Structures are given as C-alpha cells and as structure tokens.
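Using the sequences plus the hints, can you model the full thing?
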Amino acid sequence: GAGVSQTPSNKVTEKGKYVELRCDPISGHTALYWYRQSLGQGPEFLIYFQGTGAADDSGLPNDRFFAVRPEGSVSTLKIQRTERGDSAVYLCASSLTGGKNTIYFGEGSWLTVV
Amino acid sequence: GEDVEQSLFLSVREGDSSVINCTYTDSSSTYLYWYKQEPGAGLQLLTYIFSNMDMKQDQRLTVLLNKKDKHLSLRIADTQTGDSAIYFCAESVNTDKLIFGTGTRLQVFP
Numbered sequence: 061g062a063g064v065s066q067t068p069s070n071k072v073t074e075k076g077k078y079v080e081l082r083c084d085p086i087s088g089h090t091a092l093y094w095y096r097q098s099l100g101q102g103p104e105f106l107i108y109f110q111g112t113g114a115a116d117d118s119g120l121p122n123d124r125f126f127a128v129r130p131e132g133s134v135s136t137l138k139i140q141r142t143e144r145g146d147s148a149v150y151l152c153a154s155s156l157t158g159g160k161n162t163i164y165f166g167e168g169s170w171l172t173v174v
Numbered sequence: 008g009e010d011v012e013q014s015l016f017l018s019v020r021e022g023d024s025s026v027i028n029c030t031y032t033d034s035s036s037t038y039l040y041w042y043k044q045e046p047g048a049g050l051q052l053l054t055y056i057f058s059n060m061d062m063k064q065d066q067r068l069t070v071l072l073n074k075k076d077k078h079l080s081l082r083i084a085d086t087q088t089g090d091s092a093i094y095f096c097a098e099s100v101n102t103d104k105l106i107f108g109t110g111t112r113l114q115v116f117p
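Chains as they are written, first to last, in the numbering used here: chain A, 61 to 174; chain B, 8 to 117.
It should be emphasised that the hints constitute simulated quantities derived from the structure, not laboratory data.
Be aware that a few hints might be false.
Think about it this way: if two alpha-carbon atoms lie no more than 16 Å apart in a straight line, the pair counts; the simulated EDC-like pairs of lysine to aspartate or glutamate are [to be verified]:
no. : chain 1 : residue 1 : chain 2 : residue 2
1   : A       : 138       : A       : 123
2   : B       : 74        : B       : 12
3   : B       : 43        : A       : 167
4   : A       : 138       : A       : 84
5   : A       : 160       : B       : 103
6   : B       : 43        : B       : 65
Bear in mind the structure is a predicted one, so any value in this text is a computation, not a measurement.
Written out as structure tokens, the structure reads:
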C-alpha cells in the first residue's frame with residue numbers, strides 16, 4: 061500500500077479481554093516496529109521485526125503482550141487480559157531494511173480499556 | 008540509561024522563528040531525529056542529523072547539534088499556522104529503535 065495501515069483505528073474493550081491490533085507495512089519493507097504512546101507522552105518502543113523474526117522485543121512490558129509477523133509482512137500485536145493501564149495509541153512503523161533507513165509511521169490504533 | 012527531554016510548550020507569532028530544544032543522555036547516539044505529529048495523523052519525519060555533524064539545514068528547518076552538551080535544537084524559520092503541532096525529538100543508539108522525548112507542543116498565533 062501507499063503507507064503503513066493500521067486496524068482498527070479505535071478499539072474499546074473491557075478489562076480482562078483479549079485484543080489484536082493489525083499492521084500492514086509499506087510493501088517491500090522488511091523492518092517493522094511497534095510503539096506505544098500514552099496520553100501526553102512520546103512513543104515508547106515495544107518490538108522490532110526484521111523479516112519474520114523479532115530482532116528486539118526488549119520494550120514489551122510483560123508477558124501479556126505478544127507480536128507476530130508470520131510471513132514477513134503483516135504484523136499483529138496481541139494483548140491478553142487487558143488492563144486499564146494498557147489504554148494508549150499503538151503505533152506501527154516500517155522501513156525498507158531497518159538501520160538508518162527512514163521509518164514511516166502509521167496513524168495508530170487507539171485502544172481504550174474500560 | 009537513555010532519556011530524552013523537551014520543554015512541553017512553545018508559543019510563537021506567525022512569521023517569527025521557532026526554536027525547539029531537546030537534551031539527551033546517551034553519548035553513543037548515532038542519529039538524532041525530529042518528528043512532527045498533528046492531531047489524527049501519524050508521526051512525520053521532518054529531518055535527522057548524524058552524530059558527527061554540527062548542523063543541518065533543510066529549507067525552513069535548521070538542526071543544531073551540540074554533542075558535548077548533548078543538546079539538539081530545531082529552528083523553524085518564518086513559522087506558519089500550519090506548523091502548529093507536537094514536535095518530538097528522538098535518538099537512536101543502535102538504529103533499531105528510537106527513544107522519543109515527551110514532545111513540545113508548538114502553537115502559532117496570528
């Protein structure tokens with residue numbers, strides 16, 4: 061596609077529920093990133109994929125968070141047993157090969173846990 | 008550890024220059040970036056500077072880097088109302104992840 065596409069754009073879920081957020085990166089980009097942005101804060105790194113593998117998952121806050129990219133293109137961020145503190149905008153980004161290549165961000169998925 | 012700090016708010020008159028400042032802690036940063044975020048839109052990369060450079064100019068944007076003081080600034084010349092947004096400074100150390108500041112909200116008034 062022309063840019064990084066994320067769905068859903070908005071998601072309201074009840075505490076304790078399971079949520080999946082999808083990211084469709086720019087076609088041909090091998091590097092894919094997930095960030096989380098809480099209200100009034102800058103984005104915080106969660107995980108980085110190079111192809112199908114997670115090259116750096118040091119930003120995932122706990123084992124309720126998991127991300128996959130099975131075919132090296134679309135990625136899904138999965139959050140189990142959601143908590144109110146998980147409410148944030150989840151940003152996906154991609155770049156051609158990673159490294160110093162420009163990183164392009166999607167518009168984000170706004171998650172609200174009630 | 009890695010930390011990036013910015014002032015929260017800046018207000019300027021249309022046509023004036025804006026200067027947004029940022030300090031970072033990791034001296035091994037390789038690239039430093041400025042991103043713009045408008046309401047309802049994704050982060051847009053404005054410009055970046057490699058850590059061995061002191062200055063970079065790109066049309067109305069000038070980036071200054073003082074590596075000794077770990078200080079980065081973004082100057083926007085002839086600021087317009089369309090420049091109103093939140094500006095994020097970010098650093099990368101090993102280039103696979105970015106560390107962002109909290110953002111500076113720029114308000115431009117006529």
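Quick rundown of the hints versus the structure:
Using a Cα cut-off of 16 Å, the hinted pair residue 138 of chain A and residue 123 of chain A holds, with the two alpha carbons roughly 10 Å apart. The hinted pair formed by residue 74 of chain B and residue 12 of chain B meets the criterion: a straight-line CA distance of about 15 Å does not exceed 16 Å. Restraint check for residue 43 of chain B and residue 167 of chain A: satisfied, since their Cα atoms lie roughly 12 Å apart, inside the 16 Å limit. A distance of roughly 15 Å separates the Cα atoms of residue 138 of chain A and residue 84 of chain A; the hinted pair therefore holds under the 16 Å criterion.
The hinted pair formed by residue 160 of chain A and residue 103 of chain B meets the criterion: a straight-line CA distance of about 8 Å does not exceed 16 Å. Among the hinted pairs, residue 43 of chain B with residue 65 of chain B is consistent with the structure: their alpha-carbon atoms are about 15 Å apart, no more than 16 Å.
No hint from the list above goes unmet by this structure.
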